[in-house]
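Participant: The primary structure of each chain is shown beneath.
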Amino acid sequence: MREVLFIAFSLFTIGAASGVLLSRNPVYSAFSLILSFFGLSGLYLLWGSTFMAMIQILIYTGAIVVLFVFVVMLLNLQTNRENSSNIVFLGVVSASVWLFSLIILRVLTRSIPNKILEIPENQLRTISKLLFTRYLWPFEILSFFLLVMIIAIFAITRTQEIAHGGEK
Amino acid sequence: MKPVIDYFLIPVMPVAAFIVTGLVLIALQCLNSAKLKPLIKLVALTGPVFAIGATWFLFKNAPLEYSRLQPGGHQAWLNEFIQSYLLDSTTLIWYWAIGALSFLSFVFIETYFKDKEELPEVMILLQFVSAAMMLLVSANSLLMVFMALELMSLPIYVLVGIEPNRHHGAEASLKYFLFGSFATVLLLFSIALIYSCTGSLHFNQISSFLLAPTGGNNPSGLMALTASALFIISVGFKLGLAPFHMWLPDAYEGASTPITGFMGSAVKLAAFGMAVRLWWGMLAPLSTHWISILGPLAVVTMFVGNLGALKQRNLKRLLAYSSISHAGYLILGLISISKTGSQLNTQNLFYYLVVYGFMFLGALGLISLIERSSGGTDISNIEGLGFSHPLLGLCLTLFVLSAAGIPPTAGFLGKYFLFSDAVRNGHTNLVIWAVLSSTVGIYYYLRVIIAVYMTESAGRSSLVIRDRSMVMVVLACALCMIFFAMFPHRLGI
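Sequence lines, in order, name chains A and B. Position 4 (the first sequence) corresponds to 4 in our numbering; numbering is contiguous. Just add 1000 to the spot in the second sequence (first one is 1) and you have our numbering.
It is worth saying that the hints were derived from the structure and are not from the lab. Cβ coordinates follow ideal geometry from the N, Cα and C atoms, glycine included. There could be a bad hint or two in this list.
What the hints assert, rightly or not - Derived contacts from chain A toward chain B, CB cut-off under 7 Å, selection only:
# : residue
1 : W47
2 : G48
3 : L131
4 : R134
As the list claims (entries may be wrong) - From the structure, some residues in chain B lie toward chain A, with a derived Cβ separation under 8 Å:
#  : residue
5  : V1004
6  : I1005
7  : D1006
8  : L1009
9  : L1125
10 : M1144
11 : V1158
12 : E1371
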């Protein structure tokens, strides 16, 4: 049962991910991305990591891809139908990358020691406990990181405002 | 409370100097009053000054005390901090260099942006970049490397494109961001591989795992090898090594000139500090494997840089390609680091990096002066500089000769130390290639000198110097170069 579900979720994820690459319409691409994230979160669930599965859906599908869709709709991108050779090129490249990673994975999985990762019972509590005790210092740096990003985004948007104001 | 002060607050003082200054700047900017504008410029400079002061304080108060700290017996976060934060006398000297280069760059950047709207944001971002550089140099665990590297690179992606009216600025920023984030993904992947085969993120635990009799050869050793190959790719992106250098000329050309100076001097120094820690601190047991890759990569990088620079007419692009070739020499120095006991002999690599940093910053300062008065960075804009402004012409000649490695400049000494190190460690064939490639490099460096001294230009008196402090930065860099050439061992610990 586990194997069947694993294969089903993997195929679903791979199919949705290739949909992101192959569809011409950016909105379809974004929706395929959402589907592939759902497939990934199913894989996490099978692994027993409920927290990762939840976060995957909440953050990636809930926030990031929705932003993608907003941007795509706001920019009103034109679908480019002229360069059809691109798709062949893309197919060849992705197939070769895929084959290469299969070979690497084959080599690697043969060599992975049979260590079974321990998944704690109460994941949310374990993770937050670790964040606020053992990994407090990296967590603080992360907070500076977010602060810096807010300022950086503010700076970028404001400089663009100045540039546009100059044009008018 | 006592251990928190001794083992946490005192060791992080140099980093905290930058972070606190950044927070004060944010507060000042939030007050949004016109009277505080000049204050912002002054406060921004206190970051590097206090950081240098704190480094000096740590240096005076027995640095060995901090490097011999043993984790255990404290709270969990303090143990983790002690394990993942390396602070010995070598690291403190790197701190000093980061502080000094940051100070000069900050003066330079403030002068450049002084009439512009985005000055406060630029200065705030730079404080955090400098703090991250110090964290990066003393990182002793993969988690800290990743956090510090991202805290350092992301603001720089933004700083590259921060000037709205700059030609190619946004394009350079986007290109740098895409390449950089790809490198970050590879770094994250290699960290995951290392963690899954060794079960640890701390450098000393990883290297002792790999050192175990079965470490290098057992099945999980293969994973460690894959991870170290990915490290070469991702760190190679950050350092601008040859097959991964495509972003570098565009980013250096598109960025505002002082930001380019900062990227090429201080950021490069910090990135090499990280590379030393990653390869010699963590992956030292696998050294024969990665040296066999990095050695040829260094030669390729030198030739790509020097041959690419031959046909450049834009001075910034020319210096960008020359910076690629210098990364090649530096990698040659990196692979020939030797060990005495547990201490790495990084003095020669450090000497080259500092000399190169001051040279690059000074040259970019000059280019910025020229750009502001004549509006371009083409090589024709410096024609006749040696006659109209003898002092500046002399400085540029000093920087260029130093970059070419012509005696008696500091650049020659740096190359000499690096190459003799490499010969001593049995990389003689690589050194032959390096010498060959630096003779190629002399061609385009001499072209700059020809433009300065041997070309009469019609508009040679057009250079009007409006910014005294930028001239001061250039002169300070030149004086530092002369000092390093005369007393190389003052820098070698």
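Participant: Take the hints in turn and mark each one as holding or not.
Facilitator: Each hint tested on the structure:
1. The beta carbon of A/W47 comes no nearer than 14 Å to any beta carbon in chain B, farther than 7 Å, and the hint placing it at the interface is violated.
2. Contact between A/G48 and chain B, as hinted, is not supported at the beta carbon level, the nearest pair being about 17 Å apart and thus beyond 7 Å.
3. The closest approach between the C-beta of A/L131 and any C-beta of chain B is roughly 10 Å, which is over the 7 Å cut-off, so the hint fails.
4. For A/R134, the interface hint holds, the least distance from its beta-carbon to any beta-carbon of chain B being 4 Å, beneath 7 Å.
5. Here the hint on B/V1004 is broken, as its CB sits about 11 Å from the closest CB of chain A, past 8 Å.
6. At a threshold of 8 Å, the smallest CB-CB gap from B/I1005 to chain A is about 15 Å, leaving the interface hint violated.
7. The interface hint given for B/D1006 is violated, since its Cβ lies 16 Å from the closest Cβ of chain A, which is over the 8 Å cut-off.
8. With its C-beta approaching chain A no nearer than about 12 Å, B/L1009 sits outside the 8 Å limit, and its interface hint is violated.
9. With a cut of 8 Å, the hint placing B/L1125 at the interface with chain A holds, because the nearest CB-to-CB distance is about 6 Å.
10. Annotation: B/M1144 was flagged as interfacial toward chain A, and the flag holds, the nearest CB pair being 7 Å apart, inside 8 Å.
11. About 4 Å separates the beta-carbon of B/V1158 from the nearest beta-carbon of chain A, less than 8 Å, and the hint is met.
12. A hinted interface residue such as B/E1371 counts as satisfied when its beta carbon comes closer than 8 Å to some beta carbon of chain A; here the least separation is about 19 Å, so the hint is violated.
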